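Asker: Given the sequences, and given the hints that come with them, work out the whole structure.
So the protein sequences, as listed, match chains A and B.
The first sequence begins at 1 in the numbering used here and counts up one residue at a time.
The second sequence begins at 1 in the numbering used here and counts up one residue at a time.
Read the hints as simulated data drawn from the structure, not as lab findings.
Calculated cross-link-like contacts (lysine-lysine; reagent style DSBU-like; alpha-carbon spacing at most 30 Å):
#1 A:K28 <-> B:K262
#2 B:K339 <-> A:K279
#3 B:K191 <-> B:K171
Model, not experiment: these values are computed from the prediction.
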Amino acid sequence: MTVVNIQADTKLHLESPFLPAPAEIVRKDRLNDTETLYQLRLADGTELGQLPGQFVEVSVFGIGEAPFSVSSSPTRGDAFELCIRRVGDVTSALERLALGEHIGIRGPLGRGFPLEQMRGRNVLIIAGGLGIVPLRSLITNILDEREDFSNVTILYGCKTPKELLFRDELNRWQAREDIDFRITTDIAEPGWKGNVGPVTTLFRRLAVDPRNTVPVMVGPPVMFKHVVKQVLACGIPEDRIILSLERRMKCGIGECGHCQINGIYVCQDGPVFTYAELKRLEEAML
Amino acid sequence: MVDRVMTKSALAESLEQLAATLHVAAPVEEGGRVMFRRVRYAAELANHYLPTMLPPTKYARPPHEELLRFSWAEGPRVEPVFEAEEIVIFGVRPCDMHAFDLLDQIFSEENSDGHYQARREALTLIGMECLEPCDEHSFCRSMGSLEATGGFDLLLSEMGDGYYVRVGTAKGRALIGTFQDAREAVYEDRKRLRKTCLRRESQFEHRLEDTYDELPRVLADSEDSLLWDVLGEKCLSCGACTNVCPTCFCFDVHDDVNLDLKSGRRRRHWDSCQLEEFAMVGTGESFRQPRNLRVKHRFNHKGRYLMERYGVPGCVGCGRCARDCLVGISPIEVFNQLKGQPVER
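Answerer: Encoded structure:
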């Protein structure tokens, strides 16, 4: 068989959508039993240029590639951050890498949060569990440009207090006068003085102006069901409710089919959607 | 571009000359099945054949394909791999040419997938018109793919002891230029071709109650059909249907490490939405776990989603999935039953 590397003798300009850019691990912070925050810098010195809500494909060469949402805000300089839970081969291999070692990055990919449409409005952010990871990018961006937004409310729910991520930041957010930040956990632990119950219980004493509020939510499928109901009950129109979905975004370019929800590709058409876009899609599980 | 006419023996001779120096792939019978294989002699070719076991699109989208090579011996190094072999595929049926068109749209127009483009560019397609229907499983006429509307470099139509040859591209023109005894077609030849095509029309039935442009609506109206549960109980989730389908293009990507443990390659492999792990995420949640939903997804992808996204049907009516289904699930029956025939458990 005469297999040729065609690049040398073709007029075609060939590009590989699978070619990652090397990035150096510049910082690693263990946040929890299973979550680590990685700070990365692209080896060519450029900024990632992500929008809050976008994701990247991370390569550990020899192990594989997996998608992760970017957890840092574009307002914070040339390094970017990924908060990753150790669950499989790629994430375990990542944890074993040392500072100064390189991984591969493709992206930023997908459609991020509609930040521009949120400016001048009230923002209601609802995070469930790992949903705080992509939302941290949005929250940091909003806080860095606080004057561009009207009231900012953040509701964050976890299973147990020890699963809360970014504790230093949570404390700083709690101390701020210019935002309303509330935390809850499903199960209390000794010493926990905060609210107990699902994230919907935080809505009780909340005044939401339906004319001017953009709700943004990221969490597990079960959270979406209840929270969507709650914000709809506040009178917010379906096309202003923003959600970000988790699926298996293997290729990130709308080819491989793994992230498909009915006819749409989460990696390209999302991961951020409006509720109006998703409500008729059975596989969105809303 | 001027059409040509060749005798069968002249074509056989030209093919053999071509095969002496180039990879010529053509339908060959082997173990009771017909498949595309490299040929050297015209005598190897299967004369009358059903759609081949695997579609010829496998030459543009092989089951396993290298995407990247990498090493980390002296810092990370990664480079893309664009592999292609020049192959002339002889005897591509119109249904499969329509499949090539769809894949071109996905991998070349919507995306700039150099791995696909390299292989596709190295292919020369010599099409062969179908003058009579192949078997009860095909429904190309209903899917609008009986006629070859493009995608071919050369297109052959059998006429008596010869072929009428249409030239589709500059590549095809260059190729026919190397064929001996290919005379220019004249008015009489064209008249004969028209007659042949007219005769053909009446032989192919519309096997679907709807034409393909109505399928998206039929499928959208069938979200809650009982038929999905019936099919879910019947289907074995073996993935044969997606493996033999000319328009299936889903894949998975894996890394292989070389024996030196310092280098490796990243490859993509055919994958199937019919397998349970297909829509599973890292935390173990599977978003399309029940079998009935997986079957439903396949038929919707073929009859509805691709149409909505790209404006062309995702199924070309070749019937391969029905021919190779172990439990006899047939798209003709499924689409027609959704249209309104009663579904019994």
